[in-house]
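Input sequences plus hints: build the corresponding full structure.
Protein chains: 4
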Amino acid sequence: MKPYIKTAKYYETDQMGVIHHSNYIRWMEEARVDMLSQIGYPYRRFEEMGYISPVLHVDCEYKKSVKFDDEVQIIVRLQEAGRVKFTLRYDIYNMSEDGVLSAYGTTTHCFLKKDGRPVLMDKEMKEFAEAMKNALEQA
Amino acid sequence: MKPYIKTAKYYETDQMGVIHHSNYIRWMEEARVDMLSQIGYPYRRFEEMGYISPVLHVDCEYKKSVKFDDEVQIIVRLQEAGRVKFTLRYDIYNMSEDGVLSAYGTTTHCFLKKDGRPVLMDKEMKEFAEAMKNALEQA
Amino acid sequence: MKPYIKTAKYYETDQMGVIHHSNYIRWMEEARVDMLSQIGYPYRRFEEMGYISPVLHVDCEYKKSVKFDDEVQIIVRLQEAGRVKFTLRYDIYNMSEDGVLSAYGTTTHCFLKKDGRPVLMDKEMKEFAEAMKNALEQA
Amino acid sequence: MKPYIKTAKYYETDQMGVIHHSNYIRWMEEARVDMLSQIGYPYRRFEEMGYISPVLHVDCEYKKSVKFDDEVQIIVRLQEAGRVKFTLRYDIYNMSEDGVLSAYGTTTHCFLKKDGRPVLMDKEMKEFAEAMKNALEQA
Numbered sequence: 000m001k002p003y004i005k006t007a008k009y010y011e012t013d014q015m016g017v018i019h020h021s022n023y024i025r026w027m028e029e030a031r032v033d034m035l036s037q038i039g040y041p042y043r044r045f046e047e048m049g050y051i052s053p054v055l056h057v058d059c060e061y062k063k064s065v066k067f068d069d070e071v072q073i074i075v076r077l078q079e080a081g082r083v084k085f086t087l088r089y090d091i092y093n094m095s096e097d098g099v100l101s102a103y104g105t106t107t108h109c110f111l112k113k114d115g116r117p118v119l120m121d122k123e124m125k126e127f128a129e130a131m132k133n134a135l136e137q138a
Numbered sequence: 000m001k002p003y004i005k006t007a008k009y010y011e012t013d014q015m016g017v018i019h020h021s022n023y024i025r026w027m028e029e030a031r032v033d034m035l036s037q038i039g040y041p042y043r044r045f046e047e048m049g050y051i052s053p054v055l056h057v058d059c060e061y062k063k064s065v066k067f068d069d070e071v072q073i074i075v076r077l078q079e080a081g082r083v084k085f086t087l088r089y090d091i092y093n094m095s096e097d098g099v100l101s102a103y104g105t106t107t108h109c110f111l112k113k114d115g116r117p118v119l120m121d122k123e124m125k126e127f128a129e130a131m132k133n134a135l136e137q138a
Numbered sequence: 000m001k002p003y004i005k006t007a008k009y010y011e012t013d014q015m016g017v018i019h020h021s022n023y024i025r026w027m028e029e030a031r032v033d034m035l036s037q038i039g040y041p042y043r044r045f046e047e048m049g050y051i052s053p054v055l056h057v058d059c060e061y062k063k064s065v066k067f068d069d070e071v072q073i074i075v076r077l078q079e080a081g082r083v084k085f086t087l088r089y090d091i092y093n094m095s096e097d098g099v100l101s102a103y104g105t106t107t108h109c110f111l112k113k114d115g116r117p118v119l120m121d122k123e124m125k126e127f128a129e130a131m132k133n134a135l136e137q138a
Numbered sequence: 000m001k002p003y004i005k006t007a008k009y010y011e012t013d014q015m016g017v018i019h020h021s022n023y024i025r026w027m028e029e030a031r032v033d034m035l036s037q038i039g040y041p042y043r044r045f046e047e048m049g050y051i052s053p054v055l056h057v058d059c060e061y062k063k064s065v066k067f068d069d070e071v072q073i074i075v076r077l078q079e080a081g082r083v084k085f086t087l088r089y090d091i092y093n094m095s096e097d098g099v100l101s102a103y104g105t106t107t108h109c110f111l112k113k114d115g116r117p118v119l120m121d122k123e124m125k126e127f128a129e130a131m132k133n134a135l136e137q138a
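Here the protein sequences come in this chain order: A, B, C and D.
To convert, note that position 58 of the first sequence is 57 in numbering that gives the first Met the number 0; the numbers rise steadily by one, no gaps.
To convert, note that position 73 of the second sequence is 72 in numbering that gives the first Met the number 0; the numbers rise steadily by one, no gaps.
To convert, note that position 102 of the third sequence is 101 in numbering that gives the first Met the number 0; the numbers rise steadily by one, no gaps.
To convert, note that position 66 of the fourth sequence is 65 in numbering that gives the first Met the number 0; the numbers rise steadily by one, no gaps.
Among the hints, erroneous ones may be present.
No farther apart than 27 Å at their CA atoms in a straight line, the calculated lysine-lysine pairs in the DSSO-like style are these [unchecked claim]: (1) Lys112/B / Lys66/C; (2) Lys8/C / Lys112/D; (3) Lys62/D / Lys113/B; (4) Lys8/A / Lys112/D; (5) Lys66/D / Lys66/C; (6) Lys113/C / Lys8/B.
Just so you know, the hints here were simulated from the structure itself, not pulled from any lab data.
Rendered as structure tokens:
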């Protein structure tokens, strides 16, 4: 697994002169999408197969603000894998500030089938659940 | 027709200390959606009927920057109504700065049917096209 | 205290057909800015006085997705008021879906002076801290 | 000059199932910031020197919608270089759709000094103006 790398955009700043806090939630999504591609399960394929994957919970702890044009590196790990829900953990490091930890957080997800019923991860998505466990360091 | 009124949000600012220019394009959409509701053709109904309405063109001329918490008022007018395309014109006034004209611009749209064919506005959406003409002052 | 009311925007949707989860974090900010104005301490005045108010933590639990054009109502309450930090709690109700609770979450904040030192809320912002306590129902 | 390359993000989609049109304006900014770095004049340095660079005008013509996870390539060219204003032209190609032209547009800018007076590009920013002319193919 390669960490996800991105450069903070100008339109992501606010008038405090730093990246607006809501964008970290979007960066977590970027890192998650990248991770899914890396392990061979690109997110767009889940939607093509008719699954919906709502976000059930997010949290983020902000340690040190990120500035425009800073390069951040995001490490995604698996924090918890339940039957229906799984939680990913994200550590966001600012490589333009000596790799300081800027923020960390989690997102919790499930998959829903077309009829709205939740997918049992350990049965109906066993291979994917295994791939995620094997690829992601435990948080 | 009542003008569309909104307050500039903090998350819409950038580190220049003003509203980021991309948000004016979003404000035009807010004003357009509000206008369609006012004339009795809420946008969500078009999508429910299976129409898609892509944006074909936008432009915006920025005259005076808007700041966080400023109240803006947007006037929507009909600039051009063709067989397939129509163009709306938006004037954005800053009511927190004595009503100065902050920006103006246009958006051009068409409607597509499920099969991708463009709707002939003067035939297949005659009532709606008339309602828009009657409600909106000509630009 | 009046609840904060807003209509979900088209540009806030994603291809799942619902409001993208990151926007709820922005809505909490909208509700917070509105609350501060209602209690007589508009946020822009804090910045004019040279204070910076970083967000230290956010979390959000998503219960039921909000759709384009839905009207949501957000109740802000005070969850915790410490010497340096305070936590607000937000309940987001969907008035277009019989007032169902769509999401709830919290944000934690502090104030920093120009020199970067944190403001002692109970000493240096006593009046504001009191106003917030008195106006906001305890969560 | 290398073209600017980016992948369309999930949070940039809307419920039409494509990238929301406002994001193309943000992508033009991303491409512009990247171009300035490539020619040795990173944008953050202009702000550090006290210059402000407002956007005066944008327009965008949408030809073919971009989808989530598509890779786009953006070519920036110099369309016009005046004494005070300059206009950049952007062509956005979708590499996930055989390189089809998805959209094109322009942005017009000037630079302002701290006192609000516009910079005379051919006098006060001569080197930068030359660098931009030399690096960017004429549109």
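Cross-check of the supplied hints:
1. Lys112/B / Lys66/C: holds (22 Å)
2. Lys8/C / Lys112/D: violated (37 Å)
3. Lys62/D / Lys113/B: holds (18 Å)
4. Lys8/A / Lys112/D: With Cα atoms ~23 Å apart, Lys8/A and Lys112/D stay inside 27 Å; holds.
5. Lys66/D / Lys66/C: holds (21 Å)
6. Lys113/C / Lys8/B: With a Cα-Cα distance of about 23 Å, the restraint between Lys113/C and Lys8/B holds, given a limit of 27 Å.
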